[in-house]
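Based on the sequences and whatever the hints tell you, model everything.
Using this note's numbering, the first residue of the sequence shown is number 1, and each one after it goes up by one.
What the hints contain is simulated information worked out from the structure, not anything from laboratory work. Among the clues, some could well be false.
[To be verified] Below 30 angstroms or equal to it, Euclidean Cα-Cα: the simulated DSS-like pairs (lysine-lysine) are:
#1 K52 with K6
#2 K105 with K157
#3 K117 with K105
#4 K22 with K103
#5 K52 with K103
#6 K157 with K103
#7 K47 with K103
#8 K5 with K22
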Amino acid sequence: NVAVKKIVAPHQATSGEAISVKVMVENQNSRAVQGSLSLKRNGQPLKSETVKIAPGAHIFTYQSALPEEPMVSFQAHFSAHEPESDRFAQDNQATAWVAVRTKAKILLLNGRSGEGKYLEEILKRRGFEVTSIVSTAAPPAPMGYHVVVFNNVEREKFSSGYLAAIERHVAEGN
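Right, here's the structure in full:
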């Protein structure tokens, strides 16, 4: 018998982050078994390969970037090329779930072109998703951003309606 014992993945991670997913397979036969090992993410094929599994326990490691969804499932399935070498098909699959945190989004409004590049880089390195613009044009609405940063920009560049939208956004806990 060959069994997919379990999938080891982090319990939670951030969207866009690459995680390591480990599939633990055990060959209980006295000889190697050849078959197909497939890994799906949310039911969609992620990786499929032909493997030759020697007797004993083995770990197959895969990398996957996480989409921006609240939960992601990983399903592993093994199918032996010779059915007689795998007596119990019921233990040929496993599933794991990962809770996905979304990256906090920051709107960086700069007073002049070229300003804010260092601040933008620092924020990105800290894991934030940054939209950096020069505030000469009409800035995007603050909705959807966790933080709005005014970087060396004059208040007069913004309409009273935009500033009121910022106040409402802050009052909502952003």
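Tested hints:
no.	hint	in the structure
1	K52 with K6	18 angstroms, holds
2	K105 with K157	22 angstroms, holds
3	K117 with K105	16 angstroms, holds
4	K22 with K103	24 angstroms, holds
5	K52 with K103	39 angstroms, violated
6	K157 with K103	29 angstroms, holds
7	K47 with K103	26 angstroms, holds
8	K5 with K22	11 angstroms, holds
Checked against the numbered hints given earlier, the structure breaks only hint 5 and satisfies all the rest.
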